[in-house]
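**Student:** Based on these hints, arrange chain B on the given structure of chain A.
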Amino acid sequence: MTTAAPPVEPASPAGRHKKGETAPLSEGARAERRLGLMLCAPAVIVMAAVTLYPVGYAIYLSLERYDLRFPNASKFVGFANYGTVLSSPIWWQAFLVTFIITIASVAVEFVLGMALAFVMHRAIVGRGLVRTFILIPYGIVTVVAAYGWKYAWTPDTGYLANLLPSGNAPLTHHVSGLAVIILAEIWKTTPFMALLLLAGMALVPEELLRAARVDGATAWQRFTKIMLPLMKPAILVALLFRTLDAFRVFDNIYVLTSGANNTRSVSILGYDNLFTALNLGVGSAVSILLFITVAILAFLFIKIFGAAAPGQEVD
Amino acid sequence: MSTVTVPAPRAGRAARPTGSSTDNSRLLAWTTVNTVIIVVSIVPVLWLLSLSFKTPASIPDSHFIPRHWTLENYRGIFGTSLFTRALLNSIGIALISTFLAVLLASMAAYAVARLRFPGKTVLVGFALLISVFPQISLVNPLFNLWRELGLFDTWPGLIIPYLTFGLPLGIYTLSAFFREIPWDLEKAAQVDGATPYQAFVKVIAPLAAPGMVTTAILVFIQCWNDFVFAISLTSTNRSRTVPAAIAFFSGASQFAQPIGSIAAAAVIITIPIILFVLFFQRRIVAGLTSGAVKG
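Line by line, the protein sequences give chains A and B. Going by our numbering, the first sequence opens with residue 1, and the numbers climb by one from there. Going by our numbering, the second sequence opens with residue 1, and the numbers climb by one from there.
Since the hints were derived computationally from the structure, they do not count as laboratory data. There could be a bad hint or two in this list.
As the list claims (entries may be wrong) - In silico BS3-like links for lysine-lysine, alpha-carbon gap of 30 Å or less:
| # | chain 1 | residue 1 | chain 2 | residue 2 |
| --- | --- | --- | --- | --- |
| 1 | B | Lys120 | A | Lys303 |
| 2 | A | Lys225 | A | Lys303 |
| 3 | B | Lys187 | B | Lys120 |
| 4 | A | Lys232 | B | Lys120 |
| 5 | B | Lys187 | B | Lys202 |
| 6 | A | Lys232 | A | Lys303 |
Unchecked claim - Here are the simulated distance ranges between beta carbons:
| # | chain 1 | residue 1 | chain 2 | residue 2 | range |
| --- | --- | --- | --- | --- | --- |
| 7 | A | Gly28 | B | Val40 | 54 to 60 Å |
| 8 | B | Phe99 | A | Tyr159 | 39 to 45 Å |
| 9 | B | Thr84 | A | Ala31 | 48 to 54 Å |
Claimed, not checked - If you want the footprint, here are the derived chain A segments under chain B, 3+ residues with CB under 8 Å:
| # | region |
| --- | --- |
| 10 | 54-67 |
| 11 | 140-148 |
| 12 | 278-292 |
The model shown is predicted, which means the values in this text are computed figures rather than measured ones. Beta carbons are placed, not taken as given, at the ideal position from N, Cα and C, and that holds for glycine.
For reference, chain A alone in the conformation it holds in the complex:
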């Protein structure tokens, strides 16, 4: 290229402000502010229009009695829909199921993801190959993978169901159905967890580990006393993302069990209320409660565990 000139000029002042500068805004700084706001405006407008307005609308709908079969009989009922939902065993069952799926899948993914990250970090052969192949579960359409598992675990169409004593159809029972759902979640999302952990692992200085080894630290001590603390930011981000993602589990359950035998998650419940029960008011109340739960989880992660929100300015 003809343009590969070395950067002879000192850094332009416009892009290099120090934080905490208190001088009055110069003409250039004001222009920069304007440009920054203008560039962000389209993205912000789209995101706000498609989330804030519908959420507001959902809150309004959740306070209405709104049955799609009788749209003209709608009326304001206050928090009655929330009362209906929160006093219903169906909601609490769905909440419990969602909780179990989240805890179990994130816990197993963390352990497996750490092991996988370790393999990719340390393997002496085939690192690129492993990275390529684990991207398949990450990239594959969740519904497609779910069908793969569904047929695998269904007698007559599957190789896994045939390994079980005959007459066993795991997807038709509560506990084994949940287990298959959790397995499908783990298979799909462990690579994502592993790649985030690998990125954190790559930041641990080799010299530190070597020094500890010379000082007689065992492999386990090196892992728990040096690697884990240094990887904490990466671990928290990985756990934050996966926990919140697992909490909205929908696709796998829809395909694997359709929520039969009490395997409904909160998201499936919200969907069923709208499209099966046609009750927009109660469905909206479920949506809002799910949203509030996710917001609380995110808050807990960021405030209590001190997870840094990704993209946050760290100077």
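**Tutor:** Chain B alone, transformed into the frame defined by chain A:
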């Protein structure tokens, strides 16, 4: 599998002072571990591939390699508009959403990475909130809104939510890439006599392109993957995408054997993912981790 190709440990084969038998057994161990990981990653997909080539009668035989091969399942799905139209919808909707998301996200990411302006933290926090937002919470209100606005069961009806969820991913990934670009080169090129336009096209654009390609792939995969909006905000072939259409195969009477058809359709929509993974492995890994973990 590949474990077979590893030579058996033979002491003293290489003239290395530390016994090469340990080296070889370590090699064997790593190869075994890698093989297990690879097999676990692809077996569910291979099973669908196998089912898609089986004749209806041989589907229950649980052999991984079909005994009776057939292309009937593929001929079947490509012979019906239920699938071909859904494929067209999937491709069109995902491409348009990706293009718009990368366009808007690169503007915002440029600002986040390079400019100082008030509200930057709010923007980043807002984007984070959206990226973890439960999609089902939007389905209820959007379902009603879209019916009132005439967007229900249309392409824009899906493009708009896909764009919304593509933007946070795009902004994170791109702002991480943009931070790494040596922007001073632009000034340097101008000092050397390039016009601002030339400096942008010849210097900055080539440096920014890899990050934008990576982001486009990640956003495309996310749109291609969606199921929640696709089944909730569509009702006919007009805009139903493949993941949603597959779910309706089961009840469709024109399919004598939905399992084979579903498997074939599943294989077809997995092809673009496999191509991305094969050709852009490094970029996808870099993109996935750059936005979340700052190095």
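**Student:** Against the structure shown, which of the earlier numbered hints fail to hold, in ascending order?
**Tutor:** Checked against the structure, no hint fails, so every one of them is satisfied.
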